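Colleague: Sequence:
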Amino acid sequence: MGSSETSESEAWSLPQQPWFNETTGTLLNDTARPAVEGTWAALAGVGVGGNLLVAGAFLVRPWNRTPLQVDRVVGLLALTGLATTLASLPTHLYSASGHGSMCQVQGFLLNLLCLLSLWYTTLLALERYVKFASPHEHSLTFSLLNLNVLLCGVLVLLLIEVSGPIYGWAEYGYVPECGVCVLNPGSTHILTYTAIQTGCYVMLPSLVTLAASAAVLRRCHASPTPLTRGSQVLKSAGGVCVLCCAMLSSVLLMLPYHLLLLLQATALNIPFWAKVVSYWLKIVALTCVYPLVLLTARPRDVWPPLMATLRRLSQWQEGGGGPCRRQRGGEGAGEQQDVRLSSLDAHPPPDKNSSFKLSRPPSPSNGDKDASVTRL
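FYI, numbering that gives the first Met the number 0 numbers position 368 of the sequence shown as 367, with every residue one higher than the one before it.
These aren't lab readings, by the way, just hints derived from the structure by calculation.
As the structure is a computational prediction, the values presented were derived from the model and not from experiment.
Some hints could be false.
Said to hold, decoys possible - So the derived label-pair ranges between C-beta atoms look like this:
no. : residue 1 : residue 2 : range
1   : Cys-199   : Leu-251   : 14 to 22 Å
2   : Met-202   : Pro-270   : 21 to 29 Å
3   : Met-306   : Thr-191   : 48 to 56 Å
4   : Leu-267   : Val-155   : 45 to 53 Å
5   : Leu-51    : Trp-168   : 34 to 42 Å
6   : Leu-51    : Thr-140   : 28 to 36 Å
Positions of the beta carbon are idealized from the N, C-alpha and C atoms, including for glycine.
Take the sequences, apply the hints, and build the full model.
Modeller: Next up, the structure:
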């Protein structure tokens, strides 16, 4: 009797899922399949291609230069968006298994990448705020070494947070409204988990980001000189304003999903369309905001470093993987110099383009006498 009741309950519960198809036995209806696949394909194109371009422009510096603070964080945000695009592949829409190990991995990755993007955005907003509020402290607080420590510390902290559902504090499961495995609103202890996560890990960095970005935008036109330092790509006040707009858009688009998840944990009835819209807004915030805003709003700032990087890679391939040599001379100069200076060489070869030449003092001949020597 128990098994028959269980089978009847499963049979009644499956058709209630919005993506379930009774004829094929999959979790995606034929009517909803084109819309979901088309939406994900468009987001995947922007998420993969755009994030690769942004990461290449901000992280790969020509002539072996070290990326500065803004370039490093923006490049990591682009890599986070790329990983989110690959992890949010709706493979569970085509199979009825939504509670396996792969489902746990997908939910873990999506939760981690979402919080990482939110906290890295907060670090970037704080870095820009400290840059204009107290520039003399910026070099100590947000040096490259300290920034790396902060980024790694945030990663370790969030790894502990998103590991809770794996050990029984809430649960990662297939959610039909999203089409992927995320936090299941009906799991055990979901209310305490979402309350702590929304209050401490979502709302706190969101408020800090909003306040810091608004302060930077307000002071950007008044004193843009300190704000343009710290990046080898966004070197103008307009570029900093565009970056702040991207940070604000990303945070505001992610908030509805987490707020609705908290409301669902309190057993509140949420409309189906609200769940779907909030999830896709979060995916857009993670994958498409930074590529679309940076590549379209500031093409003069982002595209030249990207083209320089691609040119350097092409020169490296043409040279057979050897070290790249920098062109010297004027516009018509086609020669490349490979000057090797040795510490043991007392007279290094002179530069052809230098305006002076090295010359040795003439050695005295045998017949000449030193003027300072007097003959007795």
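Colleague: Confirm or reject each hint.
Modeller: Going down the list of hints, with the structure as the test:
Take Cys-199 and Leu-251: their Cβ atoms lie about 19 Å apart, and the range 14 to 22 Å holds. Evaluation of the 21 to 29 Å hint for Met-202 and Pro-270 yields a pass: the beta carbon distance comes to about 23 Å. Checked against the given bound of 48 to 56 Å, the beta carbons of Met-306 and Thr-191, roughly 51 Å apart, stay inside it. Checked against the hint of 45 to 53 Å, the pair Leu-267 and Val-155 fails, with Cβ atoms roughly 34 Å apart.
For the pair Leu-51 and Trp-168, the beta carbons lie near 35 Å from each other, so the given range of 34 to 42 Å is met. Between Leu-51 and Thr-140 the beta carbons are some 31 Å apart, a value that agrees with the proposed interval 28 to 36 Å.
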